[in-house]
Amino acid sequence: MNWRLSCILACWLPLAAHAVEVDPVPSVMWAFYHKQLLADAPFVFDARVKLLAPPFAEDARQVPLEIDARAFKGHVVRILAWAELNPLPKIVDFQPKEGVLPWLALRIRIEQATPLRAAVLTDDGIWHVGSALIDAAGGGCTAPSVVRSQPGWEEHLGEVLGGRYPRGEFSRVRVQVAHPMDNGLVSGIPEFFINHGQLRGQDDQVLAELELFPAVSENPNLAFDIEAPGPTRLVLRDNSGNEFDAAIP
Amino acid sequence: MRWILLLCLGLSLPALADLDYALKPRLIAADTWLLEGSTDNFAKANGGNIVNTAFIVTEAGVVVIDTGPSRRYGEALRQAIAQVTPRPVIQVLITHHHPDHALGNQAFKDVPIGALADTTRLLHEQGDSLAENLYRMVGDWMRGTEVVLPTQALQPGVLSVGQHDLRLLALTGHTGADLAILDQRTGVLFTGDLVFYQRALTTPHSPGLAAWQADLDTLQALPWNLIVPGHGPVAADAQPFAQMRDYLGWLDQLLRDGAANGSDMAELIRSPIPERFAAINLSRYELTRSVSHLYPRYERAQMQRLDTRY
Ligand SMILES: [Zn+2]
Numbered sequence: 059m060n061w062r063l064s065c066i067l068a069c070w071l072p073l074a075a076h077a078v079e080v081d082p083v084p085s086v087m088w089a090f091y092h093k094q095l096l097a098d099a100p101f102v103f104d105a106r107v108k109l110l111a112p113p114f115a116e117d118a119r120q121v122p123l124e125i126d127a128r129a130f131k132g133h134v135v136r137i138l139a140w141a142e143l144n145p146l147p148k149i150v151d152f153q154p155k156e157g158v159l160p161w162l163a164l165r166i167r168i169e170q171a172t173p174l175r176a177a178v179l180t181d182d183g184i185w186h187v188g189s190a191l192i193d194a195a196g197g198g199c200t201a202p203s204v205v206r207s208q209p210g211w212e213e214h215l216g217e218v219l220g221g222r223y224p225r226g227e228f229s230r231v232r233v234q235v236a237h238p239m240d241n242g243l244v245s246g247i248p249e250f251f252i253n254h255g256q257l258r259g260q261d262d263q264v265l266a267e268l269e270l271f272p273a274v275s276e277n278p279n280l281a282f283d284i285e286a287p288g289p290t291r292l293v294l295r296d297n298s299g300n301e302f303d304a305a306i307p
Numbered sequence: 405m406r407w408i409l410l411l412c413l414g415l416s417l418p419a420l421a422d423l424d425y426a427l428k429p430r431l432i433a434a435d436t437w438l439l440e441g442s443t444d445n446f447a448k449a450n451g452g453n454i455v456n457t458a459f460i461v462t463e464a465g466v467v468v469i470d471t472g473p474s475r476r477y478g479e480a481l482r483q484a485i486a487q488v489t490p491r492p493v494i495q496v497l498i499t500h501h502h503p504d505h506a507l508g509n510q511a512f513k514d515v516p517i518g519a520l521a522d523t524t525r526l527l528h529e530q531g532d533s534l535a536e537n538l539y540r541m542v543g544d545w546m547r548g549t550e551v552v553l554p555t556q557a558l559q560p561g562v563l564s565v566g567q568h569d570l571r572l573l574a575l576t577g578h579t580g581a582d583l584a585i586l587d588q589r590t591g592v593l594f595t596g597d598l599v600f601y602q603r604a605l606t607t608p609h610s611p612g613l614a615a616w617q618a619d620l621d622t623l624q625a626l627p628w629n630l631i632v633p634g635h636g637p638v639a640a641d642a643q644p645f646a647q648m649r650d651y652l653g654w655l656d657q658l659l660r661d662g663a664a665n666g667s668d669m670a671e672l673i674r675s676p677i678p679e680r681f682a683a684i685n686l687s688r689y690e691l692t693r694s695v696s697h698l699y700p701r702y703e704r705a706q707m708q709r710l711d712t713r714y
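Protein chains in written order, with the working numbering: chain A, 59 to 307; chain B, 405 to 714.
Isolated chain B, as found in the complex (with noise of 0.2 Å):
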C-alpha cells in the first residue's frame, strides 16, 4: 500500500511543478498595476485565476488589492510585484471575503492586511467550506492554501500611502461587505466585485439586488476615470456600470415576474437570456446560482398565509 502511495507521489510530484500561474503585471495608470483573470468559472485548467488583482507601486511601499484564490496564487503574486519594483509590500487590502480574493493572504501574513470588521467575520464563518469547495473544482492549484483572516479593520474614509491618498468605501451589495476603492491620484476606481464585465455576476451572499444597485450609483457618482472590476476588463467608460445595471434590473424582473406568476424554481432557471447579455461570459450557470440563492426570497414576499389550523 506504501509503495502504491509512494508512486503516486512520485508521479505527481512534476506535475505540481507546472503549476504555475504565469502573472503578467500591466501598467494600467501611474504606478497602477493589474493582474487580469480570466472571465471563465474556476477550473482545473486556470487553477482559480478568475480574479482581477492589482497593487499601486507608491513611495512610502507597495499596497496591494486582494490576494487571489490560493497560496501559490499569493506567493506568485508577491514574485510578480517584486519583478516590477524593489519597494516592500506595505499594505493589503481585501475587497470582500470571497476565496478568488483572499486565499492568497498566507503569502502577505508580514503584511498589514487590512478588510471591513464583517469582511473578516465572514471569511471566519465560511472561509474553510468556502476554500475546501476551490480545492474541489481546482484540484492541485489549492495545495498548502489555508484561510488567513484580515489583521486590520478598516473604516470607510481617506487612507493615506505615500503620495496616494485612499478613498476606501463600506458597501454592501455583493456580499454584504464590499470594500471599494478609489485612488483620488490616478482615478482609478476599484470596484472588488460590485462591478462584473463580461462576465456574470455572483449572488450567493448578496443581501438584495436593490442594495446592489444603490451601490453602483455611489460608485459611478465618485471621479473616477478607469474602472478595475473584480472581474472582466477595465474600462475607462461607465460601459460596466451600464452593464452592471440592465443586468441586475433583468434579473430582479424575471424573480418578481416569477413569484408573481407562480413559476417554479426549475422553470425559471431555463429562462432565456436577452440576446444584449450574449457576450456575458457564464450568464446562463450563474443564472442557475443566482434563482437558487434569491428566489426563495421573492417567492415569500408574494406568498399569503394559507393553513387553516391555527
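Just chain A, with the same shape it has in the complex (with noise of 0.2 Å):
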C-alpha cells in the first residue's frame, strides 16, 4: 500500500469504515483499469462514492446511471466513470467547479453484464472508488442506431430538451441532445458523438466540464444538480467539431 494511504488510513479513522482494499465487486479488470485510467495512483474502494444503477439492464442501449459523490462536497476534482467489460468502457469524466454538486446521472450502453466505476478525485490526490455490478442480455453497443432509423434526424441534430427543477439548496438540470452518438462499433458508420460539453453561469463563468465518450447513450440525458443561480448555458460539441447551444433558464 502507498506510503500516503497508510497514513491517511491509520490517521483518519472515521475513513476506515467506508473505505476498503478489498474489492466489492468481482473484477478481473481493476488492476488494469486502475494503470490504464488512473495511473496507479493511491486509491480507496469507498461506499461513500454511490454508483447507482439498476441490478440489470432492461434496455441495454439506455441504462440509468446515478454517481454520488456528495459526501467529497468541496473537495472533488474529477470523476471518472466507466464499465469494465465494455468494448469501449470509458463514460464520462467530469469535472464540478463551485456552485456544482459532484453528483452526475447519465444514461450509458452497455455490451455485457459487468462491473461499473466511478473513480472520484478528492482535492488531497487520493481516488475514492465506487462500484456497482450490473446484468445483462447485452448488445447494447453493437445494437443498430434508434436514431438512425428516424428519417430525417439529421434536421434534429443538436436540438436540447430539458428543464431545471428547484430542489431548495440547488437545482436539478436536466437536458436530453439530439445525438447517434455512434461509437464505431455498428459495421460502416464512424465514430460520430459528442465528445465536449461546458456548464456554464453567469457572465459565462465555467460551473463545470464534461468529457464524454461513445458509452454515452444515443440522445444523451445528463442532469446535474446546481446550487449557482441561473442561467445556466451548456455548451457541447462533438467529435465532427459541430456545437450545440442550450439555455436553461
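It should be emphasised that the hints constitute simulated quantities derived from the structure, not laboratory data. Ideal Cβ positions, reconstructed from N, Cα and C, are used throughout, including at glycine. It is possible that some hints are incorrect.
To list a few chain B residues with every Cβ distance to chain A over 12 Å, as calculated [to be verified]: (1) S442; (2) R491; (3) P608.
With beta-carbon atoms standing in for the labels, derived distance ranges [claimed, not checked]: (4) H697(B) <-> G288(A): 31 to 37 Å; (5) A201(A) <-> P490(B): 48 to 54 Å; (6) T200(A) <-> G561(B): 44 to 50 Å; (7) E269(A) <-> K513(B): 51 to 57 Å; (8) E463(B) <-> P202(A): 49 to 55 Å; (9) G288(A) <-> D650(B): 38 to 44 Å; (10) D81(A) <-> K448(B): 41 to 47 Å; (11) A426(B) <-> F90(A): 29 to 35 Å; (12) P202(A) <-> A618(B): 29 to 35 Å; (13) T712(B) <-> E269(A): 20 to 26 Å; (14) D444(B) <-> A201(A): 27 to 33 Å; (15) K448(B) <-> E269(A): 38 to 44 Å; (16) G288(A) <-> P608(B): 36 to 42 Å.
Since each chain sits alone in its own frame, please combine them into the complex, following the hints.
This is the structure in C-alpha cells:
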C-alpha cells in the first residue's frame, strides 16, 4: 500500500469504516484499469461514492446511471466512470467546479454484464472508487442506432430538451440532446459523438467541464445539481466539430 | 473435440427427459379447463410456465386459449387436453404476441391459430428476439422451439364454436394488440395480459397506461362471472380489476411526479413500493423494467426546447 494512503487510513479513522482494500465487486480488470485510467495513483474502494444503477439492464442501450459523490462536496477534482467489460469502457470525465454538486446522472450502453466504476479524485490526491455490478442480456454497444432509423434525424441534430427543477438549496438541471452518439462499433458507421461539454453560469463562468465517451447512450440524457443561480448555459461539441448550445432559464 | 461434444450430449439427454411441465388441467367452469402457471419470473426451474393457458371443450371440438412458452409446453398442453377429452382441438386463440403465450404454437400447426392481425405482425417482427431472450432465461426447456405465426386474423365480434358463443374484444393496453375473450355461455372472461393478479404487470410493449385503464373499464363492464387473468389466480370478484387500477394509477402518478420533479430514471427505480402492493409478486423487478419502458415518454412530455443555435 502506498505510504500516503496508509498514513491517511491510520490517521483518519472514520474513513476506515467506508474505505476498504477488498474490491466490493468480482473483477479481473481492476488492476488493468487502475493503471490505464488512474495511472496507478493511490486509491481506496469507498462506499461513500455511490454508483447507482439497476441490478439488471432492461434496455442495454439506455442504462440509467447515477454517480453521487456529495459526501466529498468541496473536495472533488474529477469524477471518472467506466464499464469494465465494455468494448469501449470509458463513460464520462466530469469536473464540477464551485457551484456544482459532485453528482451526475446519465444513461449508458453496456455490451454485457459488467462491473461499473466511478472514481472520484479528491483534492488530497486520492481516488475514491465506487462500484456496482449490472447484469445484462447484452448487445447495447453493437445494436443498430435507433436515431439513425428515423428519417430526417439530421435535421434534429443538436436539439436540446430539458428543464430546471428547484430542489431547495440547489436546482436539478436536466437535458436530453438529439445525437446518434455513433461509437464506431456498428458496421459502416464511423465514430460520431458528443465528446465535450461545458456548464456555464452567470457571466459565462465555467461551472463544470465534461468529457463524454461513446459508451454514453444515443440522445444523451444528462442531469446536474447546480447551486449557482441561473440561467445556466450548456455548450456541447461533437467529434466532427459541431457545436450545440442550450440555455436553461 | 468431438468426443467431448458426444459426452456432453450423453450427459444432457437424461436431464432433458426430466423437463416435464406436469400440466394439470383444472375444471373452473362448465367445459372450461385452466392450466395455471406460477407468478414467478421466467426461470430454469419453471421452464417458463408462468402463464395461464386454458381450453374449452365444446360439442364441436376443443378451443385452446394461448399455447404457452415453448414447443415442449405446447406438446404437454395437447397431451393434457387428450387426458380430459377425446374431442379434437379445432381452434387456437392467441391473446397477444408475448412469447409465454404464443411459443407453444408449434404443437398446434394442424389447427387454425387465430389472433388479431396486429398480434401476428408483432410476433413476426419480434418473435425471434423474444424467443432468443426466453432461451437465455429458461434454457433447455426451449429446445426446438420456433416461432409459428397465427394463420387466421380474428375480428372483434362473436365466434361461435359448438354451443359456446365467444365474444372477442380487440383491445390495446398491454401490447397494442390484445385479445380478450368472454365465453357468453359460462361467463368466463379470459383477459389475456390485460389483467395480472397478484403478479406485477409488464409493460415492454404497452402503448400507454391510459389506454390500459380504458381497457379495464371495457372488460369490467362485460357480463362476466369469473376472471381468468393472463398471470395469477382466477377470481369470481372484481378484485383483479381493483388491483390493476390501483397499481396502474400508482405507476402513472409516480412517473408523472418524477418527470415534474426532474427525477432521474435511476432514482425512480428505487422508489418505495406502497405496502398495499406487498402481495404482488415481482413488483420491484417489474418497476425497474416499467420505468425503463415508460419513463422516457413522461420525461419528454414535460421538457422544454432549450437549444439556442437554431
Ligand atoms: Zn404479455
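*When you take the CB atoms of D444(B) and A201(A), is the distance between them in 27 to 33 Å?*
Hint holds: Cβ distance 29 Å, inside 27 to 33 Å.
*Go ahead and decide if the range 36 to 42 Å is satisfied by the Cβ distance of G288(A) to P608(B).*
About 38 Å separates the Cβ atoms of G288(A) and P608(B), which means 36 to 42 Å holds.
*Satisfaction of the hinted span 29 to 35 Å by the C-beta atoms belonging to A426(B) and F90(A)*: Given about 49 Å between the Cβ atoms, the range is violated.
*Pairwise beta carbon distance, T712(B) to E269(A), judged against the given window 20 to 26 Å*: At 22 Å between Cβs, range holds.
*K448(B) and E269(A), beta-carbon distance inside 38 to 44 Å?*
holds, 42 Å
*Given the range 44 to 50 Å, decide if the beta-carbon distance of T200(A) to G561(B) lies inside it.*
holds, 45 Å
*Once the closest CB in chain A is found, is it more than 12 Å from S442(B)?*
Holds: least Cβ distance 20 Å, greater than 12 Å.
*Hint says 29 to 35 Å; check whether the CB-CB distance for P202(A) and A618(B) agrees.*
holds, 34 Å
_Outcome for the supplied range 49 to 55 Å, where the beta carbon pair is E463(B) and P202(A)_ = holds, 52 Å
*Okay, A201(A) versus P490(B) on CB: inside 48 to 54 Å?*
holds, 50 Å
*Cβ-Cβ distance between H697(B) and G288(A): within 31 to 37 Å?*
holds, 32 Å
*Closest CB-CB distance from P608(B) to chain A, is it above 12 Å?*
violated, 8 Å
Violated hints, in rising order: 3, 10 and 11; the structure is consistent with all others.
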